[in-house]
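Next come the chains, spelled out residue by residue.
Protein chains: 2
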Amino acid sequence: MHRITAAEAAAYLRECGDAYILIHRAPDGDCIGAGYSLQAVLRQLGKKARVLCADPIPQRFSFLLPEEPEEEFTPDCILSVDVADELLFGELTETYQGRIDLCIDHHISNQLYAERVLLEECAAATCEVLYQVYWEMGITFTEQITKCLYTGMATDTGCFRFANTTPETHSYTAELMRQFPDIRYDLINRAMFTVKTRQQIQAEITMLRNIEYYLDGKCVMLWATHDICSDAGVNIEDMEGLTSLSLQPEGVEVGITVRERKPGEFKISMRSARDINVSALCAKLGGGGHIRAAGCTIKGTVAEVREKLLAIVSGVLS
Amino acid sequence: MHRITAAEAAAYLRECGDAYILIHRAPDGDCIGAGYSLQAVLRQLGKKARVLCADPIPQRFSFLLPEEPEEEFTPDCILSVDVADELLFGELTETYQGRIDLCIDHHISNQLYAERVLLEECAAATCEVLYQVYWEMGITFTEQITKCLYTGMATDTGCFRFANTTPETHSYTAELMRQFPDIRYDLINRAMFTVKTRQQIQAEITMLRNIEYYLDGKCVMLWATHDICSDAGVNIEDMEGLTSLSLQPEGVEVGITVRERKPGEFKISMRSARDINVSALCAKLGGGGHIRAAGCTIKGTVAEVREKLLAIVSGVLS
Chain A
1 MHRITAAEAA
11 AYLRECGDAY
21 ILIHRAPDGD
31 CIGAGYSLQA
41 VLRQLGKKAR
51 VLCADPIPQR
61 FSFLLPEEPE
71 EEFTPDCILS
81 VDVADELLFG
91 ELTETYQGRI
101 DLCIDHHISN
111 QLYAERVLLE
121 ECAAATCEVL
131 YQVYWEMGIT
141 FTEQITKCLY
151 TGMATDTGCF
161 RFANTTPETH
171 SYTAELMRQF
181 PDIRYDLINR
191 AMFTVKTRQQ
201 IQAEITMLRN
211 IEYYLDGKCV
221 MLWATHDICS
231 DAGVNIEDME
241 GLTSLSLQPE
251 GVEVGITVRE
261 RKPGEFKISM
271 RSARDINVSA
281 LCAKLGGGGH
291 IRAAGCTIKG
301 TVAEVREKLL
311 AIVSGVLS
Chain B
1001 MHRITAAEAA
1011 AYLRECGDAY
1021 ILIHRAPDGD
1031 CIGAGYSLQA
1041 VLRQLGKKAR
1051 VLCADPIPQR
1061 FSFLLPEEPE
1071 EEFTPDCILS
1081 VDVADELLFG
1091 ELTETYQGRI
1101 DLCIDHHISN
1111 QLYAERVLLE
1121 ECAAATCEVL
1131 YQVYWEMGIT
1141 FTEQITKCLY
1151 TGMATDTGCF
1161 RFANTTPETH
1171 SYTAELMRQF
1181 PDIRYDLINR
1191 AMFTVKTRQQ
1201 IQAEITMLRN
1211 IEYYLDGKCV
1221 MLWATHDICS
1231 DAGVNIEDME
1241 GLTSLSLQPE
1251 GVEVGITVRE
1261 RKPGEFKISM
1271 RSARDINVSA
1281 LCAKLGGGGH
1291 IRAAGCTIKG
1301 TVAEVREKLL
1311 AIVSGVLS
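Protein chains in written order, with my numbering: chain A, 1 to 318; chain B, 1001 to 1318.
Chain A on its own, in the form it takes in the complex (with noise of 0.2 Å):
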């Protein structure tokens, strides 16, 4: 492995042949923006080029994807975007692990698996990186590939609200919209942002109606419970993606939503407000993270997971 800079990886990607490129499981905006990037860019180039994930790409993001059909080919090259660990590439782990030519990230986390590695851990997106390799390429940019750049800067950073996001994440975005005016981010950032199924909005009621507040309100827990979900008529799996919710009461320092995966096992999802380390909160309950996000598994009751969270919490807040 050698670590390599921007100006390096656009050299290797100008000579690589035909290739293959891996995105993460349970894809976001970011590693697609990355992946249907690259490969526009290296078609652009007169090569081959096919982007490979696990999971399927979710219906809100297809517009990222290229007309032109997917092709059979043997590849040149394998290449890795905004894929922190090997074991991320899901099922396809077993096919291409130790088989990476050149890994393109931002994940503070990386394992460094590949042969070579650009990794900017300052940058906020993968597509962050990215938007410095293609400059550096000379490409063209295309509406494509700033449709991509751009859901990837804007969704790794909330929409630029985060504290990952840099000078460069809105420089960058300045200059793809200064090429393609006519592109409606406002919609882009609807689908991404704003808009919500039927089904999500009742999960989001019915969390929120069950609402507790500790600690002065500087602790706040949401629980998605088999009996709160069946009482409300919700599926559990809608309560997914909901633990930003417990960041949104003003005053509230540490937000927990606590799911119910099977009776008795409690999936702990712990969020900072400002600057409590949460991840060595859930460490002291067998968990990790990030600073600002972490998790752990409890089992036990409703109040025994309660009051085993409220201990940890209160240690720090009180």
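Everything labelled a hint here was simulated from the structure, so no lab data went into it.
By construction, the Cβ of each residue, glycine as well, lies at the ideal position given by its N, Cα and C atoms.
Treat the hints with care, as some may be off.
Away from chain A, derived, C-beta distances all over 12 Å, residues of chain B [to be verified]:
1. Met1192
2. Glu1250
3. Gly1295
Taking lysine to any residue pairs in the SDA-like style, the calculated list, with each CA pair at most 25 Å apart, reads [to be verified]:
4. A:Lys267 with A:Gly90
5. B:Lys1196 with A:Ile211
6. A:Lys218 with A:Lys284
7. A:Lys196 with B:Arg1306
8. A:Lys218 with B:Met1192
Mind docking chain B on chain A? Use the hints.
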């Protein structure tokens, strides 16, 4: 009245004496950021300056206010920022109408009421216009000025989400962040876009529980009647500012929020998710507004109001 350029406005502000700066009633992030940044800029040049507003500055914007106390003085000139119409001075209108030496604004509806007008209709925010003026003036961008300009641009664009966001919004933001990387922009965004009071959360739940879908889900109606609010134990006043909820459901084109102002009189807020002109729809009901956000008042029973609204909306949606 004559319209002037950013360079001319910069020259005027360099030469003007002590100034009153008027902002609009019901102040928002853009007029507050514009007003207090301009006060700081003028003070930097050794002049006295004071921001005047008919309504108090909401608590969540207090981080934009200067530490130095407001002074009493007789102004040499009177400025207005982000005020499209002198009537928006509120109870200050009577005193200052016809006396504005320079107005800086971005509203297309500006009434051109001032002696000199710097109006950039394509700018996302008045703070975006002021960024250019300050740059022309060659002033020192301080931390407070940076926070003011950032907050103005972020709030008027829904954190860079809406169609009014320009490449300049992003590139000026990039420059501000480069100069002051240590400002916690993420905490500003949290305070502006994420945080809700417990009352607001209750009000949202109450509205969403009564959501009505019509015309294949393309029309959504949310109700805040006295009956609904008293059943849920929330104040009808807390239902203000929730009009964006009506655009959350997938597939919605027109979102309508109906608030009972007094028994039998309903205030209608209509929002367009994409391109339907709701200003034209509200005009048919005696109201008006912008293409994507408009309003009107209807008298009658709940059933009558619903019927009138559906008759108007089905004309463009079916």
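A quick look at each hint next to the structure:
1. Met1192: At about 9 Å from chain A, Met1192 (chain B) fails to clear the 12 Å cut-off, so the statement is violated.
2. Glu1250: Check fails; 5 Å does not lie beyond 12 Å.
3. Gly1295: The assertion about Gly1295 (chain B) holds, with a minimum of 20 Å to chain A.
4. A:Lys267 with A:Gly90: Holds, at roughly 21 Å.
5. B:Lys1196 with A:Ile211: Roughly 13 Å between the alpha carbons, so the hint for Lys1196 (chain B) and Ile211 (chain A) holds.
6. A:Lys218 with A:Lys284: holds (20 Å)
7. A:Lys196 with B:Arg1306: Since the Cα atoms of Lys196 (chain A) and Arg1306 (chain B) sit roughly 24 Å apart, the hinted pair holds (cutoff 25 Å).
8. A:Lys218 with B:Met1192: Between Lys218 (chain A) and Met1192 (chain B) the Cα gap is close to 19 Å, so the pair holds against 25 Å.
Comparing the model with each earlier hint shows violations of hints 1 and 2; every other hint is respected.
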